[in-house]
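Residue numbers (my numbering), protein chains in the order written: chain W, 1 to 297; chain D, 1 to 368; chain L, 1 to 289.
Be a bit skeptical, because a hint or two may be false.
[To be verified] Derived BS3-like pairs: lysine-lysine, alpha-carbon spacing no greater than 25 Å straight-line:
1. W:K205 with D:K341
2. L:K10 with D:K6
3. D:K118 with D:K219
[Stated by the list, open to error] What follows is a set of in silico ranges between Cβ atoms, one per label pair, in the way DEER data are often shown:
4. W:I95 with L:D144: 34 to 44 Å
5. W:G144 with L:D144: 27 to 37 Å
6. L:S54 with W:S146: 27 to 37 Å
7. L:E170 with W:I220: 49 to 59 Å
8. W:I277 with L:D144: 43 to 53 Å
[As the list claims (entries may be wrong)] Cβ-to-Cβ under 10 Å is the rule here; a few derived chain L residues that face chain W:
9. L35
10. S48
11. Y52
12. N219
Rather than coming from a laboratory, the hints here were simulated on the basis of the structure. Quick reminder that beta carbons are idealized off the backbone N, C-alpha and C, glycines included.
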Amino acid sequence: MERSGWKAFLYLIPALLFLGAFMIYPLFDVFIYSFEEGYNSASQTYFGTGFYNYSYVLHDPYFMQALKNTFILVIITVPVSTGISLLIALGLSSIPKLKELYQTVFFLPYVTNTLAVGLVFMILFKKTAYSEGLINLLINLFGGRSVDFIDCPYWAKMFVLCFYTVWIVMPFKILILTSALASVDPVYYRAARVDGTSKTRIFTKITVPLISPMIFYLVITGFIGAFKAYSDAVALFGVNLNAAGMNTIVGYVYDMLYGDSGGYPSYASAAAILLFIIVLTITCINLLVSRKHVHYS
Amino acid sequence: MKIVLKNLTKRFPNRNKKGGADVIAVNDFDFEIPDGMLVGLLGPSGCGKSTTLNLISGLEKPSEGRIFFGEDDVTDLPPENRGVGLVFQSYALYPHLNVFRNIRFPLENFRGKDRLTKEEMEKRVVEAAKLVQIDHLMERKPSELSGGQQQRVAIARALVKMPRVLLLDEPLSNLDARLRLQTREEIRRIQQETKITTVFVTHDQEEAMSISDLIVVMKDGVVHQIGKPQDVYDDPIDQFVAQFLGTPPINMFDGEVRNGQLYIGEDKVLDVPGVRDGAVAAGIRPEGFILDYEGPLVCELTRLEVMGRDVSIIFKDEAMKGEAVRAIIDAKSRVDTGSGKVSFFLKPDKVHLFEPETGERLRFGKAE
Amino acid sequence: MNTEYDLISKQARRRETVRRTVVYTLLSVWGIVVLFPFYWMVLSSIKSFASYNSEHIPRFIASDPTFENYRNAFVQVNLSRYLVNTLIYTLITTALMLVVITLSAYAFARLKFRGRDLLFTLFLALMMIPNELVIITNFVTITDMGLRNTFTGLILPSVTSVFYIYLLKENFAQVPEDLYYAAKVDGTPDLRYLWKVMIPICRPTMITIVILKVIECWNAYVWPRLITDNADYYLVSNGIQEIRENGFGRENIPAMMAAVVVISVPLVVLFLIFHKKIMEGVARGGTKG
Chain W
1 MERSGWKAFL
11 YLIPALLFLG
21 AFMIYPLFDV
31 FIYSFEEGYN
41 SASQTYFGTG
51 FYNYSYVLHD
61 PYFMQALKNT
71 FILVIITVPV
81 STGISLLIAL
91 GLSSIPKLKE
101 LYQTVFFLPY
111 VTNTLAVGLV
121 FMILFKKTAY
131 SEGLINLLIN
141 LFGGRSVDFI
151 DCPYWAKMFV
161 LCFYTVWIVM
171 PFKILILTSA
181 LASVDPVYYR
191 AARVDGTSKT
201 RIFTKITVPL
211 ISPMIFYLVI
221 TGFIGAFKAY
231 SDAVALFGVN
241 LNAAGMNTIV
251 GYVYDMLYGD
261 SGGYPSYASA
271 AAILLFIIVL
281 TITCINLLVS
291 RKHVHYS
Chain D
1 MKIVLKNLTK
11 RFPNRNKKGG
21 ADVIAVNDFD
31 FEIPDGMLVG
41 LLGPSGCGKS
51 TTLNLISGLE
61 KPSEGRIFFG
71 EDDVTDLPPE
81 NRGVGLVFQS
91 YALYPHLNVF
101 RNIRFPLENF
111 RGKDRLTKEE
121 MEKRVVEAAK
131 LVQIDHLMER
141 KPSELSGGQQ
151 QRVAIARALV
161 KMPRVLLLDE
171 PLSNLDARLR
181 LQTREEIRRI
191 QQETKITTVF
201 VTHDQEEAMS
211 ISDLIVVMKD
221 GVVHQIGKPQ
231 DVYDDPIDQF
241 VAQFLGTPPI
251 NMFDGEVRNG
261 QLYIGEDKVL
271 DVPGVRDGAV
281 AAGIRPEGFI
291 LDYEGPLVCE
301 LTRLEVMGRD
311 VSIIFKDEAM
321 KGEAVRAIID
331 AKSRVDTGSG
341 KVSFFLKPDK
351 VHLFEPETGE
361 RLRFGKAE
Chain L
1 MNTEYDLISK
11 QARRRETVRR
21 TVVYTLLSVW
31 GIVVLFPFYW
41 MVLSSIKSFA
51 SYNSEHIPRF
61 IASDPTFENY
71 RNAFVQVNLS
81 RYLVNTLIYT
91 LITTALMLVV
101 ITLSAYAFAR
111 LKFRGRDLLF
121 TLFLALMMIP
131 NELVIITNFV
141 TITDMGLRNT
151 FTGLILPSVT
161 SVFYIYLLKE
171 NFAQVPEDLY
181 YAAKVDGTPD
191 LRYLWKVMIP
201 ICRPTMITIV
211 ILKVIECWNA
221 YVWPRLITDN
231 ADYYLVSNGI
241 QEIRENGFGR
251 ENIPAMMAAV
261 VVISVPLVVL
271 FLIFHKKIME
281 GVARGGTKG
């Protein structure tokens, strides 16, 4: 059939325009920003190029704090959420009744507003003048001492953040793993049963290898997602994350760009590129590791 | 190890409509499979033969009745404690493990006193692989094997744990025609070498007839006949068995018996002493026709199919059921196609009479 | 002999019962973890300010339920404004995006032109670019264009999605090409073919995309926060943050919870109605991407 170049072009114009203006141009621009020293967004001038912005960011204690927070968050939440969701998916696929009800309930956090529900978590954990907060009362019940999870100490705040993050990311993982489990041909389980394979061995030697591509996919997207954590932290600790000591890398980028300490797109760009490099490196490592352990049919 | 099924029944709840009657997949099975035999469970799809296999393997629990392996009542045992090897229709080879590790898999499950060392496992895996002649493919993944090779791996995996009973579910259905012939010989050879009591399920009567010591013909959850393949073919117990066995299938006619003589249409074709008067369903095997001008059965010739070794005569008759009648005769006989008519004598032992309503066999004695 | 077998089968049955009980218990525990925050938000929102604060140990039922907080949520802060803003933002963004992605998915799936595969590969490569990287320049661009605190500024950067173009293109490509040729022979213009044939056939995918995009829009936080500082243009996420920082006074938690309930209800209701579709869509979108 005839080539319809001009027609195709017409169809593609809107997408090309938007992508060009809001993805491709910014992609180059962010690198330029990151190398322009002392860029002033008001006068749009700068006085040199080089690595100063990177150096500034890397020497900024707030950035280092954000980096530390983000890494802790990633290292805790990715394995924990993937592990628990695998268990839950396994449980879901083994029950004869109520499966759909459980599935629906478990998926609920996916459709909620992170900021709004974060507030609920905050009041559950928070110690106020009036009340210890429900979680603290629970701790007291088991003989523990109250902790102010929202204002101090650091580990308590980190715990709440991790807990909330896991709560938010679980629905997606449970859903994906449940459908992965459902796609495993049951004949393998029957074969294994006839051979007297124990439940644990069926799980580790058959189920996990067969759904390993999906687990791996969740780990990679989990890493990427956790590195970009921001709004859950805001929901729990408020806009001023630096003051709370709970900032994340993405939070640092936005704070540099806008807000009380904002107005420095150059620093923001440098930090964003650093984040991108970190995520890219981790993803590459993941891909290398997966070569050995993931079975692709 | 002989297998005894006593009053075995399996009901499934009806899933289509609430309050509907249960589906009876296996209805009151009562038979014995002698030790060391190769037995084919044969029937059309949905007849309950796979359910029977699953009951023997323990993957499903019977609603009623008992199953014995030798003297042991295994009815309440889970599959792993029964010592059965099961080969699935789709083979169920673990896609992420190579051939060697697939075959080794069942051995790794042994616990306690049965536990094997690595060397013992390897020795047995190699033995099993040699038995089915795939010992050169050990490093391959299942996806890199042909259907026939996958089948062999599946059999090796079932045999490696030295089961008391080997079960095969439609073992040849996923193979192409040429491989099917080859593989069924292979199954026969393996069974004879190992002497393991083997039960296989098939809907293909030719497959079952060709290699089984014993066939069990079933339909709608009911066993119709058990016996040696040739015996069942020669002496079917009812119309279903007669029609199910044999390719080309038996030709059915509406017949009538008057005074111990069988009439098809107005032709008086055969003496059938001892059969009550009245309408009958008459089945005539394709090889039961003898071409002769003077033959009493006269029909309208449709066409000839020359196959080399023999000739098929396709013809029509008003009393036939189905589209056409097929007779197979020796290629040496000359068929005169000019008149458009053919006439036959019938071989008495190739003619079977049945009650038209129930399909029950009506036996007749030898003509004097 | 038989007694030994009996023992084994009895043990197996008992183990199965125990296992099942454990599974149901654990699933229910997670169910409570998921549902409890929702219960708590509704519960707190119908307690009066006084009774909430007088409960040193919070009660699990509201002894004297009140809707006062809901009134406050709409009167004392501008919750209705936030809701309307979000609705406008969601509807316009989703509608515009549908047009843009349908046109380009159609071009990639059905029209033939030089460099199509190369261009599509480039599109796919764009999926790798994290939003965080480009948002900085977009912020500067929109600010320079003077579009802060406008719907235009809010909407423009999010009307394309490479991922949805990809999803839709894959679906379009599955429609047999013969249909297209048949339509061409009958002289059907491309747009009409797209509208009358492709879109109806690919409706499930389009609905999936709409649902995912609506959820995304309703929960949007980062971009709206950067681009709006005038409460008249806040979306619900920013609104709730605003309420938290200086809305009812920090301690009026029941009123805050009422606002949270109001914000959460639309999506939860949408979810309860379409839960099958939404979960299917997310599973499909998730595993393809």
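Structure-based check of all given hints:
For the suggested pair K205 of chain W and K341 of chain D, the alpha carbons sit about 69 Å apart, so the restraint of at most 25 Å is broken. A hinted pair counts as satisfied when its Cα atoms are at most 25 Å apart, and K10 of chain L with K6 of chain D qualifies at roughly 22 Å. Only pairs whose Cα atoms come within 25 Å are accepted, and K118 of chain D paired with K219 of chain D is rejected, the gap being roughly 46 Å. At roughly 57 Å, the beta carbons of I95 of chain W and D144 of chain L sit outside the given window of 34 to 44 Å.
Under the hint 27 to 37 Å, the C-beta atoms of G144 of chain W and D144 of chain L, about 54 Å apart, miss the expected range. Roughly 19 Å separates the CB atoms of S54 of chain L and S146 of chain W, a value that falls outside the hinted 27 to 37 Å. Roughly 21 Å separates the CB atoms of E170 of chain L and I220 of chain W, a value that falls outside the hinted 49 to 59 Å. Separation of I277 of chain W from D144 of chain L is about 28 Å and departs from the stated range, judged on CB atoms against 43 to 53 Å.
Nearest Cβ of chain W to the Cβ of L35 of chain L: about 6 Å, under the 10 Å cut. The hint holds. With 10 Å as the threshold, the beta carbon of S48 of chain L stays out of range of chain W, its nearest partner Cβ sitting at about 14 Å, so the hint is violated. Taking 10 Å as the C-beta contact cut-off toward chain W, the hint placing Y52 of chain L at the interface holds, the least distance being around 8 Å. Interface restraint check for N219 of chain L: the shortest CB-CB distance to chain W comes to about 5 Å, inside 10 Å, so the restraint holds.
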